[in-house]
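Undergrad: Sequence:
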Amino acid sequence: MAPDDKYWILISNYLANELSDTETDELLSWVAEAPENGQLLREMQSAWEKSNEYQKTLKTDVDVDAAWKKVEARLFADSHPKTQFKPMRRWTSIAASLFLIISLAWLGVSYYQKHQTVTFANNLETQQQLLLPDGSSIWLNKGAKVSYKKGLENLSQREVELSGEAFFEVQHNPQKPFIIHAGGTKTQVLGTSFNVDATTKKVSVAVISGKVSFAKENGKAQLFLLPGEKGTSTPNGSLAKSAFKNTNFLFWKNRQLNFENEPLKNVLAEIETIYRVRFVIKSSELQNLKLTTSFKSASIHQIIDVLEASLDVKIEKSDNAYIVVK
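The sequence shown lines up with residues 1 to 326 when you count with the working numbering.
These are computed hints drawn from the structure, not numbers from a lab.
Built from N, CA and C at the ideal position, the CB exists for glycine as well.
Be a bit skeptical, because a hint or two may be false.
Listed below are the simulated SDA-like cross-link pairs for lysine to any residue, each with C-alpha atoms no more than 25 Å apart in a straight line [said to hold, decoys possible]:
1) K314 <-> H301
2) K230 <-> I208
3) K230 <-> V280
4) K202 <-> T232
Computed spacing ranges between beta-carbons, pair by pair [unchecked claim]:
5) L155 <-> A221: 38 to 48 Å
6) A221 <-> L124: 27 to 37 Å
7) S299 <-> P235: 33 to 43 Å
8) K290 <-> P227: 19 to 29 Å
Please model the entire structure based on the sequences and the hints provided.
TA: The structure is reproduced here in structure tokens:
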């Protein structure tokens with residue numbers, strides 16, 4: 001966000017060395033609020049110093065006072081009283097002021113464009129797809145939000161900030177790395193597909209294709225992840241790598257579940273999490289029954305019908321749970 005008029009005035013007064021103590025404190029507080037504020041002030045100071053150098057160069061190359069005195073003597077030699085005009089000096093002062101105004105305007109527009117942020121939040125109950133200017137796609141789970149700088153496709157690094165959960169399909173570009181900042185972590189890729197879950201303090205990245213660098217923002221820990229690998233970050237600063245057998249964690253995106261020779265207790269645990277229901281297995285021998293099946297956009301009742309037919313069990317609905325019996 002660009003500074004409001006008050007801070008432009010403070011910056012101008014600062015460059016002209018006309019700030020009061022109170023205004024100085026106010027400007028310093030604004031600079032301390034964000035790194036980009038300090039960067040803008042430095043850029044403005046550099047432009048101001050260049051304008052001063054321009055004036056010095058002009059005065060060195062041309063003796064303005066001496067030249068004007070000669071002209072003045074010839075113009076007013078007869079009867080007019082001599083008046084000390086110094087138009088060139090006045091001109092250079094005006095030029096410097098114009099240079100400052102133009103610099104302020106140019107830097108202001110540049111600053112605004114560079115720091116203008118595009119934000120997209122999914123407030124719907126279903127996932128939403130977002131197509132980025134560089135051709136990359138992001139699927140946002142409900143409640144997820146992403147933001148990126150305007151002109152993403154023209155930047156040397158394509159950077160996105162994420163809160164919540166999202167699936168990325170990144171357009172390959174070796175010259176412009178794609179970086180996701182989420183929950184104190186940094187995920188960097190060149191072109192690949194992967195899921196980032198930052199809904200809790202434990203951020204996780206699961207890679208479907210390509211190669212991903214997963215690191216803490218402080219740079220003290222880093223993992224390289226390949227397809228079928230998942231990296232998890234914890235608040236204490238550690239990173240852990242694990243393998244995943246299926247992509248059921250993407251149910252929110254593709255509405256699909258796959259199980260291959262999986263114990264019933266594990267199957268029901270996943271269904272409980274996804275469908276927000278509860279199962280109670282009455283017999284311990286039923287817990288390890290193996291199941292191989294898949295579901296696509298199935299309701300909880302359709303899933304129960306398949307489980308009963310495949311495992312020869314009975315699943316009865318009680319007040320607050322589904323009871324699994326032989």
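Undergrad: Does each hint hold? Answer for all of them.
TA: Checked hints:
1. With a C-alpha separation of about 13 Å, the suggested pairing of K314 with H301 holds against the 25 Å cut-off.
2. Restraint check for K230 and I208: the C-alpha separation of about 9 Å stays at or below 25 Å, so the hint holds.
3. For the proposed pair K230 and V280, the alpha carbon gap of about 30 Å is over 25 Å, so the pair is violated.
4. Taking the CA atoms of K202 and T232, the gap is near 7 Å; set against the 25 Å cutoff, the hint holds.
5. Judged by the Cβ atoms, the range 38 to 48 Å given for L155 and A221 is violated: they are separated by roughly 26 Å.
6. Remark: the range hint 27 to 37 Å for A221 to L124 is upheld by a beta-carbon distance near 35 Å.
7. Remark: the range hint 33 to 43 Å for S299 to P235 is upheld by a beta-carbon distance near 37 Å.
8. Checked against the hint of 19 to 29 Å, the pair K290 and P227 passes, with Cβ atoms roughly 26 Å apart.
Checked against the numbered hints listed earlier, the structure breaks hints 3, 5; every other hint is satisfied.
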